[in-house]
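Participant: Residues per chain are reported as follows:
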Amino acid sequence: MATSLLRIFHAAFQNVEIRLLQAFGLHPPPGPALAIPGCHHPLQGSQGSDMTEPSGLSSLLGGVFLMAAPKHRQSLERRHKRQRHPDKLIKPKENLFPCPECGSMMQEGFLCINCYQRIKYETDIIRQKIKETETDGLASTAETVVRYADETITESDKSKRVIEMARKKPHWFTKDMYDEHWKTS
Amino acid sequence: MRLSLMLLITHGKRQRKLGGGKPQRLNILRRVVTGLVRHERIESTYAQCDEAKFYAERLIDYAKLGNTNAGAMRIADYWITEKDLIPKLFETLAPRFAEHDGRYCRLYRLPVTTQNTRDMAVLEYKGNPYPSLRPIPKNHPNSIANILVEGLRQDYEKKMEIDMKDQPAA
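Residue numbers (the numbering used here), protein chains in the order written: chain F, 1386 to 1570; chain Y, 205 to 374.
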């Protein structure tokens, strides 16, 4: 504590000494303490001799644009009022309901993400099989039908491209799962 | 340009901006439409899918004119960047939608989750071979609630029949 105070006083006295010496012209003046980058006008060089030099603050801030800055600290109350306003809270969603297929919660107007991942997996397998049938990656002009192991290939499918799957049809792919379930049992 | 009531209300500013200008917008839309014609079901951002849906449907309308029509072929050549898909458009998609009018596409939105933070959507042509994205409606005639409701309905009908018989006599 004492040492720091002493150091401050020492620096202050040194400043006073330099200023006094400067006043009597005994000390060389300090270098430019404030270097302000100002833009130099190209025409100013040629007409500089004719024009009178600007004086005051404008000469010091040649071409510098000052922005507004806060003068006072905002109180905690004001800050919290702004940051924690009820309008900024995340609003609870009220359009959620269980998916009729899988039972996980889904939003109205959107797909069920749980069902979509399952369908996307199946779609990717079918797409891969379609790609294998195409020669040189050229698209075929025939309609495509997917037939699983438990399905029969009808005569109407003969003009179409049939993608045969080795396994049975997934239960969620059927037209009406409930009827088939009750027919078999 | 979309001609609709919404266009009137919004002073002609119906389209949303895609990319960084008109050529880039059209390139994005052509890429999405070409992918849709090839795969018949694609996943992209909701904005791109929603904008491309209109063009994908108009493309079918032009394809219905037939591959001998010069205007239809020019439109198909512009919108389909991969040229092996042009026969598919005229010989597969156009006959498929011969009896349909207008809405040939379906657009579904995907929910925004922690894994999928972008606003994504699925765009598909109708009649594709993939499993349906919509939940299939089911009947549950043997559930206890439906049996009770069915019994109530039959009782009500019987009661109404008796009332109708009584009314003319009285």
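No lab work stands behind these hints: they were computed from the structure. Treat each hint with caution, since some may be false.
[Unchecked claim] Once the Cα atoms are required to be at most 30 Å apart in a straight line, the calculated DSS-like pairs of lysine-lysine come out as:
1) Y:K221 <-> F:K1514
2) F:K1514 <-> Y:K268
3) F:K1554 <-> Y:K342
4) Y:K287 <-> F:K1516
5) Y:K330 <-> F:K1553
6) Y:K221 <-> F:K1545
7) Y:K287 <-> F:K1478
8) Y:K221 <-> F:K1516
9) Y:K292 <-> F:K1478
10) Y:K221 <-> F:K1553
11) Y:K342 <-> F:K1516
12) F:K1514 <-> Y:K292
13) Y:K268 <-> F:K1516
14) Y:K221 <-> F:K1476
15) Y:K287 <-> F:K1514
16) F:K1554 <-> Y:K268
17) F:K1505 <-> Y:K292
18) Y:K330 <-> F:K1514
19) Y:K330 <-> F:K1466
20) F:K1505 <-> Y:K330
21) F:K1543 <-> Y:K221
22) F:K1505 <-> Y:K342
23) Y:K268 <-> F:K1545
24) F:K1505 <-> Y:K369
25) Y:K369 <-> F:K1554
26) Y:K221 <-> F:K1473
27) F:K1543 <-> Y:K268
28) Y:K292 <-> F:K1554
29) F:K1478 <-> Y:K257
30) F:K1545 <-> Y:K330
Participant: Under the criterion that the straight-line Cα-Cα distance not exceed 30 Å, is the pair K1505 of chain F, K330 of chain Y satisfied?
Facilitator: Given that 30 Å is the threshold and the Cα spacing comes to 17 Å, the pair holds.
Participant: Is the straight-line distance between the alpha-carbon of K1505 of chain F and that of K369 of chain Y 30 Å or less?
Facilitator: It is violated: about 58 Å lies between the C-alpha atoms, which goes past 30 Å.
Participant: Tell me if the straight-line CA distance from K330 of chain Y to K1466 of chain F falls inside 30 Å.
Facilitator: With Cα atoms ~52 Å apart, K330 of chain Y and K1466 of chain F exceed 30 Å; violated.
Participant: Check the hint pairing K221 of chain Y with K1473 of chain F against an upper bound of 30 Å on the C-alpha distance.
Facilitator: Distance ~28 Å between K221 of chain Y and K1473 of chain F Cα, so the pair holds.
Participant: Under the criterion that the straight-line Cα-Cα distance not exceed 30 Å, is the pair K369 of chain Y, K1554 of chain F satisfied?
Facilitator: Between K369 of chain Y and K1554 of chain F the Cα gap is close to 53 Å, so the pair fails against 30 Å, i.e. violated.
Participant: Take the C-alpha atoms of K221 of chain Y and K1553 of chain F, compute the straight-line distance between them, and say whether it is at most 30 Å.
Facilitator: Violated, at roughly 46 Å.
Participant: Under the criterion that the straight-line Cα-Cα distance not exceed 30 Å, is the pair K1543 of chain F, K268 of chain Y satisfied?
Facilitator: 24 Å, holds
Participant: Decide if the proposed pair is consistent with the structure: K221 of chain Y and K1545 of chain F, CA atoms, cutoff 30 Å inclusive.
Facilitator: This hinted pair is violated, its Cα atoms lying about 40 Å apart.
Participant: Against the 30 Å threshold, does the CA-CA distance of K292 of chain Y and K1478 of chain F hold or violate the hint?
Facilitator: 44 Å, violated
Participant: Hinted pair, alpha-carbon criterion (30 Å max): K287 of chain Y, K1516 of chain F. Please report holds or violated.
Facilitator: With a Cα-Cα distance of about 17 Å, the restraint between K287 of chain Y and K1516 of chain F holds, given a limit of 30 Å.
Participant: Taking 30 Å as the top limit, are the C-alpha atoms of K1505 of chain F and K342 of chain Y close enough?
Facilitator: 22 Å, holds
Participant: Are the Cα atoms of K1554 of chain F and K268 of chain Y separated by 30 Å or less?
Facilitator: Given that 30 Å is the threshold and the Cα spacing comes to 34 Å, the pair is violated.
Taken one by one, the earlier hints fail for this structure at numbers 1, 6, 7, 8, 9, 10, 11, 16, 19, 21, 24, 25, listed in ascending order.
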